[in-house]
Every structure is written in C-alpha cells, then in structure tokens.
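Each chain, letter by letter, is given below.
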Amino acid sequence: MPLTREGIAYRIARDLPDGSFVNLGVGIPTLVARFVPPDRTILIHSENGILGAGPKAAPGEEDPDLVNANGDYVTLMPGASLFDHALSFTIIRGGHLTHAVLGALQVSRRGDLANWRIPGPRVPGVGGAMDIAVGAQQVWVATTHTTDQGEPKIVEECTYPLTAARCVRRIYTDLAVLRVEGEQLVLEELAPGVTVEEVLERTGTRLTVPDVVPIMEVPAEFAGIPLLAS
Amino acid sequence: MDRVVATCDEAVADIPNGASIMIGGFGPPGIPVNLVQALRRRRLRDLVLIYCGGGTEQDGIGGLIADGAVRKLITSYPTHPGASAVRERYLRGEIELEVLPQGTFVERIRAAGAGLGGFYTPTGVGTELAEGKEVRIINGRAYLFELPLRADYALIKAYRADRWGNLTYRRTMRNFNPIMATAANIVIAEVDELVPVGGLSPEEIETPCIFVDRVVVVPREEIRRVALESR
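Chains as they are written, first to last, in the numbering used here: chain A, 1 to 230; chain B, 1001 to 1231.
Here chain A stands alone, though its shape is the one from the complex (with noise of 0.2 Å):
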C-alpha cells in the first residue's frame, strides 16, 4: 500500500538524527515536524528568523508578531531564537542547515530541481527555494510519486523551470525512497505492499534497483493518523 502524505513525512522524520537543523518547505515537509521521534532534539529552521520553531498556536494564543514563513503563527520551543533576514539567509547559503525537505514539481535523475515555478501566464515567484536549495547540507524531497494525473515527477531531465542543479540527494514518495548517486538513481526502499515494478512504471527515467530492496518499516497509523492509503 503506497503511504499517505502523513506516512511520507512520517518515513522523512526517522531519518532525521538527533542534533539537526532543519528547514522544511510547504506541503508534505511542513509535516515532518509532528514526527520527528520523541527521544531527538531537531530544530526546525524558518526563512523569517527562526531557529526553534514549534508547533501552531492554539486558536486565541496565536502572537502577531510570531510567524514561519508559511505565514502560519507558530510557538517557539525552549532554547529557540529569532534573528533578521540576513542571518537567516546566512544559516541557510552559508550551508549550516543539516537538511532541508522540499516540495517538488520535478526531479531529475542526477538530482535537478524544479519547484518554483510552472510556466505560463502566471506572477513568478521565487521565495526561499533557489537559496534553500542550494545552500543546505542535504537536501531531501518529499512529494506524491506522480501528479494527480499520473504523470511521473522523477524524470531523465526537468521541463520546469529549475530552482538549482545536482541538488537533490534522496527521495522520499509515496511509493519509495530513492538516492541520488552521481548519475545513478537508486531504489532504496519499497512502501510496504509496492512491487519494483510499479515503481518503475511511474517513474520517468530509469532506476537502479540493487538485488534486494527493502520494506520500509512504517505502521499503519500513528497516533490515530493513517500512514498508509487503503
């Protein structure tokens, strides 16, 4: 069974170590925070001058002055602070972030980006992402493994408007975990119940596949919330 977007953040978040800094995009990332594993101090790094984020306010608790850069008002965790614009970018260009987890509208075998932008009559904007991309120690996607009309978004080449070259290292989809190895693509892990094949029928390049791919070990719910779709 293909997870849901919860069972991919879920999958991100074991893999995030203790000791982290982390920004996480809009979509699937923003929800890698609520699983991050009890025992692990992760901070969660936000474009506006956050290092410590935590969870949403309580309605009627929010501060107006306190939010993420998803414009969500946020809490701040013990030992977190708040800095300007410049040092935020600095923690991210300077390539002190340990990870960030993005959103994808592509992504290539050898690792391109695109998630800016769809081309057409539309207001370009950039935000974060191009310095986010290429400015963290990893960088991890976090998407459906196809568009909900079946189109694949790991492809030999992106047709979208790139946010950074080479960028990427891992995969994380509904279907499976993949690693970027040079000009290799590398099928990592299978969601429980998903065949080799299915994955490679929805993928628009080609797959490495070692001998022996592994289940990924992801209950079928957490705290009451389905990881993985009926």
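Because the hints were derived from the structure by calculation, they are not lab data. Accuracy of the hints is not assured; some may be wrong.
[Unchecked claim] Computed list of chain B residues with no C-beta within reach of chain A, every gap over 10 Å:
#	residue
1	Ile1138
2	Gly1140
3	Arg1170
[Said to hold, decoys possible] Here chain B is said to cover these stretches of chain A; the calculated rule only asks that three of the stretch's residues, wherever they fall, bring their Cβ under 8 Å from a Cβ of chain B:
#	stretch
4	55 to 67
5	81 to 87
6	162 to 170
7	221 to 228
Since we're looking at a predicted model, the values are computed, not measured. We put the beta carbon where it would ideally sit given N, CA and C, even for glycine.
Put chain B on the given structure of chain A with help from the hints.
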C-alpha cells in the same frame, strides 16, 4: 536629535512621485501598516517598491498596487493567494516585476547598506533568474554577481524606540526591517511604544539611531497585552 514626528501622514509627506521605497515585513509581522496607509493617501504615481511579498488589501501594499501607484515591484515571493492586485496588474502588463531569490533580495539590500559594490552568490546559477548576470567560478564553484540595492526611502516597523531613533524588535518582526534601515536615504520607523532616551538597554538595540530619520508612534493594544503575558 528628536526624530519623532506626530503622524504617519507627516512622516511620508515629502515622498515624491517616482520615488523608490523599501517596505519591511514578512507575513503580517513587521509591516509598517499605518505608514503604508498614509503613503496610499498621498495618491503618488510611478513608485518603485522594494518589498518581499506581493501585498494584500489588509497590509495596504496591495492597495497601493491596485491604485496604480506602483510602476515596478522588486520582490521575492509575490505569489501568495492574497496578492490579487499584483497578479491582475502583472497579467495586464501594468506593473514591472523583478523577482529575486529571497537570500539575494536581502543580501543586495545589506550590501548597499554596508557600502559594498555587490557580491557573488551560488543561488540561482543555471536557472532562468541567472539570465544576464555575470557568472564567475570561485574555488571550483559557480557564482552569480549581484548588485547592491538602495532606495530613496525605507518604511520600517519596530517595537520600541526612543526619541533618537534607537529601535528594538519583537518576535519575527525583524525580518527585513533592520537591514532596510541601513540602505535608504530617509528611514521612517513606525513603532508601538516610545521610551525615554536611556530607557532601552544598549544590548537590546538592534537598529542604532544612526540609521533612523523619523519615528512615528502608533500604539497597538493587542501587542501590549501579548507582550505582558509572555514575559
């Protein structure tokens, strides 16, 4: 040395048509909403705004754009759902947009304030935002050259000020404000509270008064309550 002016309207009274104006803020925090509303009442034309978002009706920046006061917006993320005015005007070809990666946006402003002639950044290399920009290989890595970005005016938001214009910020109100304060000819700060000179501890002053030309006090009761509760 008294930088305090009585009203927002007075603070923006000399801004001419065609001026370049930085506006601080990211999300609601740190937007000098009352200065923006006063600017809107001036009914100016041909402004160049330097603002990270796209502006909404609530923050007043979307209103300035809807009014047709803005010729060009230098920005990073004008795409949020509330930014309807910039979307409509851009698609009709009535506003020029210069879109920058957010780190490049703030660093160009920082460079101007710091007296630098520009900088090389790895951000944007190989993308369509690199078009027309010099590429240089430094220690084996490709970088883009980016120019400093100055403005005639900066409208910023801070938490507390003294009459000299020393400023403090709270929570995520800082964002672009302390940086923009260094990079404009005239810097106008909207603040929640005025305290006597000497009433701010020197360690907490993030924008020293050397950068600030005008201070307007617009109390926010909501913030006073939240700030007291969170002490």
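Here's how the hints hold up against the structure:
no. : hint       : in the structure
1   : Ile1138    : 14 Å, holds
2   : Gly1140    : 14 Å, holds
3   : Arg1170    : 5 Å, violated
4   : 55 to 67   : holds (count 5)
5   : 81 to 87   : holds (count 5)
6   : 162 to 170 : holds (count 4)
7   : 221 to 228 : violated (count 0)
Comparing the model with each numbered hint stated earlier shows that hints 3, 7 do not hold.
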